[in-house]
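Protein chains: 2
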Amino acid sequence: MTATSPATRNEIGVCCSRVTAGALDIAAAERLAHVFKALSDPTRVRLLSLISAAPTGEACICDLTAPVALSQPTVSHHMKLLTDAGLVTREQRGKWAYYRIVDAALSAVSNTLDPSKAPFREPTDP
Amino acid sequence: MTATSPATRNEIGVCCSRVTAGALDIAAAERLAHVFKALSDPTRVRLLSLISAAPTGEACICDLTAPVALSQPTVSHHMKLLTDAGLVTREQRGKWAYYRIVDAALSAVSNTLDPSKAPFREPTDP
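If you read the protein sequences in the order shown, they are chains D and F.
Sequential numbering of the first sequence, starting at 40, is according to our numbering.
Sequential numbering of the second sequence, starting at 40, is according to our numbering.
It should be emphasised that the hints constitute simulated quantities derived from the structure, not laboratory data.
One or more hints might be untrue.
[Unchecked claim] Here are the simulated DSS-like cross-link-like pairs (lysine-lysine), alpha carbons at most 25 Å apart as the crow flies:
#, chain 1, residue 1, chain 2, residue 2
1, D, K134, F, K76
2, F, K76, F, K134
3, D, K76, F, K134
4, D, K76, D, K134
5, F, K119, F, K134
6, D, K119, F, K76
7, D, K134, D, K119
Build the full structure now, drawing on both the sequences and the hints.
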């Protein structure tokens, strides 16, 4: 049984405007800020790193509560924000939810900030 | 569960621990979250992109207010948060403050999220 996140790869693709490639319009800036907001909490950064560090590439919610010393409902709330931002996918298997990093999403966000991948600091015509 | 990745800082103070390189400790996660928080507002994302798009690589505060349609004190506040996070530098010249992107900081943040630059999700048999 699979219950995947409503956040799709298309949604992620939309957010890939480059911070370093020219002046962003409001809509693009809002989409990017939404993703950064999901990353703006230390617990969520740690949860993301824990999932990323899992040998199988995914982590059960049951294994995420102890490392961050928080209750399962609180961890689930944090995971929902990461899922809604498209940074992880969620799959329900029986009693537990399993989370997996969306590589493409992290790469997209990484690219938005990478000065070396943009025509950085070149004159742009509006 | 996993090895803890060391927290390191580059010369401009932006933490470059990898979200994708292993479970982060609390201090490293807090430093990263602080930077992401600076990026979690659409206006600040736009300001960063405006400075990045400036032909000379820097922007006067006097040229940043109109594009985001905000007062100078409000823009100054946003710029202070970006400066405090190490993402831009500020230089006062006479009446005006001039801001410049810190390439190394953006690169560091970009790298923290880049799955391709980390021992990311290498399958291992349990």
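Hint check results:
1. D:K134 to F:K76: With Cα atoms ~34 Å apart, K134 of chain D and K76 of chain F exceed 25 Å; violated.
2. F:K76 to F:K134: Violated. K76 of chain F to K134 of chain F sits at ~29 Å, over the 25 Å cutoff.
3. D:K76 to F:K134: violated, 33 Å
4. D:K76 to D:K134: violated, 29 Å
5. F:K119 to F:K134: holds, 17 Å
6. D:K119 to F:K76: holds, 18 Å
7. D:K134 to D:K119: OK: K134 of chain D and K119 of chain D at ~17 Å, within 25 Å.
The structure shown violates the earlier hints numbered 1, 2, 3, 4.
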